[in-house]
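Colleague: Sequences listed follow chains D and R, in order. Each step along the first sequence adds one to the number in the numbering used here, with nothing skipped, and position 192 is 192. Each step along the second sequence adds one to the number in the numbering used here, with nothing skipped, and position 93 is 93.
Worth flagging that the hints you see were computed from the coordinates, not collected in a lab. No experiment lies behind these values; they were computed from the predicted model shown. Heads up, the beta-carbon is just placed ideally off N, CA and C, and yes, glycines get one too. Be aware that one or more of the hints could be misleading.
[Unchecked claim] Straight-line alpha carbon distances no greater than 20 Å define the calculated SDA-like cross-link-like pairs of lysine to any residue that follow: (1) 137(D) with 80(R); (2) 195(D) with 80(R); (3) 137(D) with 105(R); (4) 137(D) with 81(R); (5) 44(D) with 123(R); (6) 124(R) with 253(D); (7) 44(D) with 124(R); (8) 261(D) with 60(R); (9) 124(R) with 267(D); (10) 21(D) with 56(R); (11) 195(D) with 122(R); (12) 80(R) with 192(D); (13) 43(R) with 440(D); (14) 80(R) with 139(D); (15) 43(R) with 135(D); (16) 43(R) with 136(D); (17) 137(D) with 106(R); (18) 43(R) with 441(D); (19) 195(D) with 105(R); (20) 56(R) with 188(D); (21) 80(R) with 1(D); (22) 137(D) with 111(R); (23) 80(R) with 142(D).
[Claimed, not checked] Simulated restraints on C-beta separations: (24) 345(D) with 124(R): 40 to 46 Å; (25) 49(R) with 85(D): 57 to 63 Å; (26) 11(D) with 42(R): 52 to 58 Å; (27) 128(R) with 465(D): 35 to 41 Å; (28) 49(R) with 86(D): 53 to 59 Å; (29) 124(R) with 261(D): 21 to 27 Å; (30) 98(R) with 263(D): 29 to 35 Å; (31) 465(D) with 130(R): 49 to 55 Å; (32) 51(R) with 160(D): 33 to 39 Å; (33) 126(R) with 3(D): 20 to 26 Å; (34) 124(R) with 308(D): 47 to 53 Å.
[Said to hold, decoys possible] Calculated from the model, a selection of chain D residues having no Cβ within reach of chain R, i.e. all distances over 12 Å: (35) 116; (36) 316; (37) 372; (38) 434; (39) 465.
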Amino acid sequence: MSEVILEKIDDYRWQIPKSYKPGMRVPGIVYADEKLLKDICQDKALEQVANVAFLPGIVRASLAMPDIHWGYGFSIGGVAATDIENGGVISPGGVGFDINCGVRLLRTSLCFDDVKDKIKDIVYALFNDVPSGVGSKGEIRVSAKEERDILVKGSKWAVEQGFGTQDDLECTEENGAIQGADPDAVSERAYERGKAQSGTLGSGNHFLEVQVIDQLYDQKLCEEFSLEMGQVMVMIHSGSRGLGYQICDDYVRTLMPCLQKYHISVPDRQLVCAPVESVEGRDYLGAMRCAANYAWANRQCLMNLTRKAFEKIFSTSWEKLGMYLIYDVAHNIAKIEKHAVDGKEKMLCVHRKGATRAFGPGHPALPERYKKTGQPVIIPGDMGRNSYLLVGTQKAMEETFGSTCHGAGRVKSRTAAMRSINLNTLLKELESKGIMVRAHGRSTIVEEAPQAYKDVNDVVDVVHNAGISRRVCRMRPLGVIKG
Amino acid sequence: MAEKVYELLEHTADVGIRVRANNVNELFRNTASAMFQIIAEPKGPTTQSAEEISIKLNAENIEQLFVNWLNELLSLSATKELIFTSFEVTLLENNRLEAVACGVPMEDFRINAEIKAATFHELKLERTASGWIAEVIFDV
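Okay, chain D solo, but in the shape it has when bound (with noise of 0.2 Å):
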C-alpha cells in the first residue's frame, strides 16, 4: 500500500507535492479518478512518480497516466520532459527495454456480418502466417548492411521491399523513421539479436488482435476516419525485439558511471540517465532511434503479413478489403520535442513510458490529413473487453507534453493471475463472449487475462473527462492473437 501524500487538484489529476521526497525537484501529476486511484495505490507505482522528479531538468512535473502502475525505475504510464539547456537528462529507464513497444489500427471495409463466420478461419491464418512467441523467428533474412537501412529507415525500409505503401509511412509516428539514428551506437551483440526477429510479433502482451467497433463516440470525428458502427478493424502490438532490449541493456552500462561524472542524484539506479548535451547521451539518443526505426520496420513487416493473411481468407486484394492504416504510435520512446513551459519555448526530452503522444489538432509533426482531427490515438484494452481510438487535443499540449495513456494498465501481477484464473475457465469465458484466442504459451493467456488489468473504460475515461484526449470509437475483440 502506497504511503505517497496526495493532494486532490480536481476530480482528475491528484498531486504529489514537492515537499514529498527530498530531492524532487517538481511535483508529480497524476490522472485518475477516485476508482482507479483505488488500484494505483495498491502498490509503489506513486513512489516512482516521485523518484521520476529527481532527474535533472525535469519541468513542470513527473507526469501519471490513469493506467499507471509499479514498473522499474520509472512507472509504466509515466511521462518526464527535461529542459535540454539546463542539464536535461534522458534516461534509458524511461523509455524501457521494448523500445518503441507500440501499436498500429487499421481499418477494413469489412463489417461483422462478413467475418462472423469465418474468424476460426482469419485466427488461424494469422497465427500460421505471422510469427509470434518468446525468440520468434521471421521469414525475413537481411545482411549486416540491410540491418543497419532498417535502423536509419525504419518503415520506409520495408516498403522498399514491397511491404506496404508510402500512405502507410504518412500514417505512422515520425513517418515511421525517427531521424538522427545513429548505426555506429549500436553494439555488435544488439545486430545479432535483431538479424532474424524483424516481421515477429513476441510474447507477453504484445497481440494481433481482429477487433469490431462497438460503440461511436464522436459522429464527426468517425467521418473523418471512415468509421462506422460494427466495422471490423486490425490492431497490432509489438515492439522492438531484442534488438530493443540489448541497446537498453548496453546504454544502461554505460551510464551507470554518469551519475558520478555528472553529479546526478537518483533514488533508484534503474533511472541512471546522462544530459542529453553529453557524449554519452546522445549515444544513447542515437542508439534508441536505431531501435524505435527497428520497431516501426517490425510492425510495417507484421501488417503486411496480416494483410496478406486477409488476401488469403477474402481471396481479394488487401486494398479491396479496404484494409488502410490509421496510425501507428510509440508507447516506450524518448522525443525531443518543443513545448512551451511557463510560456517560453523549450526544446525538452520528453519520455513517455507506457505513455503514447496525443498532439492536438493543427500540430505541424501532424500529416495533413490528420491536421483537423489532431493525432490518432490507439488505446489497446485486455483480450476481453475494449480497445480505443481517441484523438490528441489542445489541453494535451498545454498540460502534459501532447501525452496520454497508452493502456488499461496492469492491476494484478502474473503469479496473482496464474495462481487465481483458470485456463479453460477463462478460454470459455472468452468464447460466450465471442472471443476467439489463439497463443504459443497457455500461461501467456491467464497471465494476460482481462482480471488481470484495469478496465480500459475507465482509463479512457479519465483522458476524456481530463481533456487530454477526445474519444472517438471503441472496439471489441473477435479474434486474439498471442505469443
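Let chain D serve as the given structure and place chain R on it in line with the hints.
Modeller: Frame of chain D, contents of chain R only:
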C-alpha cells in the same frame, strides 16, 4: 534442470525473485538457474550435447556485476538459441567474474516466459547470518 532455488516476489507488471545461497558464488549460480527455470522447462531428456560458453565480466561493484551477469546470460541465450542449465563460477573477486555457462539447444525446451532483462530496481544482494540472499526484478 536443477531443483527450484528461488521464491517469487509479487510485482504488478514484472517478475521478482528471492534467491538464497551459502556463498556469493552460489548466489550468482542459483540466480542464473532460477532465471532460466522461469523462462523454460525441458520437454524431456535432451539428446543433444551441451555447449559451454565462457563469460568474463567487470563492473564497478558487486551489484552491477550481478545484473550484468544475468543480462549477459539472457543476451547469449537469445543469440546462441540456448537455455543455460548449469553454471560454474571460476573467479569472483574485486568485481570481476569469470564463469562457464552450460547451455542446451532451445528446441529441447518448452518456453514459458520471455525475460527481457534483469533490472536494478529494488535490487538486493545481502550477506545474512546463514549465507547470502538476492532479490531481483526482471522485466517480462
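Colleague: Hint by hint, say whether it matches the structure.
Modeller: Consistency of the hints with the structure:
1. 137(D) with 80(R): Holds - the C-alpha atoms of residue 80(R) and residue 137(D) are around 13 Å apart, at most 20 Å.
2. 195(D) with 80(R): holds (12 Å)
3. 137(D) with 105(R): Roughly 15 Å separates the two Cα atoms, so the pair holds.
4. 137(D) with 81(R): This hinted pair holds, its Cα atoms lying about 11 Å apart.
5. 44(D) with 123(R): Roughly 14 Å separates the two Cα atoms, so the pair holds.
6. 124(R) with 253(D): The hint holds at about 18 Å.
7. 44(D) with 124(R): It holds: about 17 Å lies between the C-alpha atoms, which stays within 20 Å.
8. 261(D) with 60(R): holds (13 Å)
9. 124(R) with 267(D): Between residue 124(R) and residue 267(D) the Cα gap is close to 14 Å, so the pair holds against 20 Å.
10. 21(D) with 56(R): Since the Cα atoms of residue 21(D) and residue 56(R) sit roughly 40 Å apart, the hinted pair is violated (cutoff 20 Å).
11. 195(D) with 122(R): violated (33 Å)
12. 80(R) with 192(D): holds (10 Å)
13. 43(R) with 440(D): holds (15 Å)
14. 80(R) with 139(D): holds (18 Å)
15. 43(R) with 135(D): This hinted pair holds, its Cα atoms lying about 17 Å apart.
16. 43(R) with 136(D): Satisfied, since the Cα-Cα distance of roughly 18 Å is no more than 20 Å.
17. 137(D) with 106(R): holds (13 Å)
18. 43(R) with 441(D): Roughly 14 Å between the alpha carbons, so the hint for residue 43(R) and residue 441(D) holds.
19. 195(D) with 105(R): holds (19 Å)
20. 56(R) with 188(D): holds (17 Å)
21. 80(R) with 1(D): violated (42 Å)
22. 137(D) with 111(R): OK: residue 137(D) and residue 111(R) at ~14 Å, within 20 Å.
23. 80(R) with 142(D): holds (18 Å)
24. 345(D) with 124(R): 40 to 46 Å: holds (44 Å)
25. 49(R) with 85(D): 57 to 63 Å: At roughly 58 Å between Cβ atoms, residue 85(D) and residue 49(R) fall inside 57 to 63 Å, so the hint holds.
26. 11(D) with 42(R): 52 to 58 Å: holds (54 Å)
27. 128(R) with 465(D): 35 to 41 Å: Between residue 128(R) and residue 465(D), where Cβ atoms are some 50 Å apart, the hint is violated.
28. 49(R) with 86(D): 53 to 59 Å: Once the Cβ atoms are compared, 58 Å apart, the range 53 to 59 Å for residue 86(D) and residue 49(R) holds.
29. 124(R) with 261(D): 21 to 27 Å: Holds - the Cβ-Cβ distance for residue 124(R) and residue 261(D), about 26 Å, lies within 21 to 27 Å.
30. 98(R) with 263(D): 29 to 35 Å: holds (34 Å)
31. 465(D) with 130(R): 49 to 55 Å: holds (54 Å)
32. 51(R) with 160(D): 33 to 39 Å: holds (38 Å)
33. 126(R) with 3(D): 20 to 26 Å: holds (23 Å)
34. 124(R) with 308(D): 47 to 53 Å: holds (49 Å)
35. 116: holds (33 Å)
36. 316: holds (36 Å)
37. 372: Non-interface label stands for residue 372(D): nearest chain R Cβ at 37 Å, farther than 12 Å.
38. 434: holds (29 Å)
39. 465: Per Cβ check, residue 465(D) is outside 12 Å of chain R; nearest 24 Å; holds.
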